[in-house]
Amino acid sequence: MAIIRRGEAVPTTRRSLLPWDLFQTMREMLNLEPMSQLLPERLGTYVPAFDVWETKDAYVFKADVPGFREQDLDIQVTNNRLTLSGKREAEQVSETDTYYCSERSAGTFTRTFSLPVGINADQIRAELKEGILTVNVPKTLAVQPKRIAVQGTAPEGKVKA
1 MAIIRRGEAV
11 PTTRRSLLPW
21 DLFQTMREML
31 NLEPMSQLLP
41 ERLGTYVPAF
51 DVWETKDAYV
61 FKADVPGFRE
71 QDLDIQVTNN
81 RLTLSGKREA
91 EQVSETDTYY
101 CSERSAGTFT
111 RTFSLPVGIN
121 ADQIRAELKE
131 GILTVNVPKT
141 LAVQPKRIAV
151 QGTAPEGKVK
161 A
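Quick note: the sequence shown uses my numbering, first residue 1, plus one each step.
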């Protein structure tokens with residue numbers, strides 16, 4: 001008679017005790033973060049989330065930058081590339097205070113977006129209101145759609161008016 005030992009099939013690892021993250025598994029399988037092994041998990045930098053969309057007249061970039069002031073942000077356009085960067089200073093930590101949690105990040109960020117041909121760089125406007133940065137990049141008139149009227153011809157070959 002064979003003896004079957006139960007409970008030895010799979011060794012328990014730290015990862016197996018954590019909730020399964022499908023997206024983390026997919027990133028690992030596809031190696032979408034190839035440089036992540038070289039960088040520490042938390043660099044202490046702030047990376048704002050951006051929304052980018054196109055309207056009839058412009059391209060709009062919107063980012064959450066709470067705690068930033070106008071002088072903390074820099075926006076430049078070079079060769080149809082929009083670069084947005086900012087810097088948030090870390091608060092001074094007192095030697096006598098005891099911190100139990102420090103999750104607010106400080107540091108710098110830079111995001112660069114490629115712009116399509118036909119933007120009006122001289123008319124770009126940026127506004128910072130209640131921690132939300134909005135950058136409006138207008139299109140040139142040549143890029144905006146223009147409706148062309150279609151003319152028909154009369155049966156005799158004459159153009160209708």
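These are computed hints drawn from the structure, not numbers from a lab.
Please note: incorrect hints may appear among the correct ones.
Cross-link-like lysine to any residue pairs, in silico, SDA-like; alpha carbons within 20 Å at most [to be verified]: (1) LYS56 / THR108; (2) LYS129 / LYS56; (3) LYS87 / TRP53; (4) LYS62 / THR108; (5) LYS129 / ARG88; (6) LYS62 / PHE50; (7) LYS129 / ASN79; (8) LYS87 / PRO66; (9) LYS62 / ASN120; (10) LYS146 / GLU130; (11) LYS56 / THR153; (12) LYS87 / LYS56; (13) LYS62 / GLY152.
Hints the structure violates: just list their numbers, smallest first.
Numbers 1, 2, 3, 7, 10, 11, 12, 13 - these are the hints that the structure violates, sorted from lowest upward.
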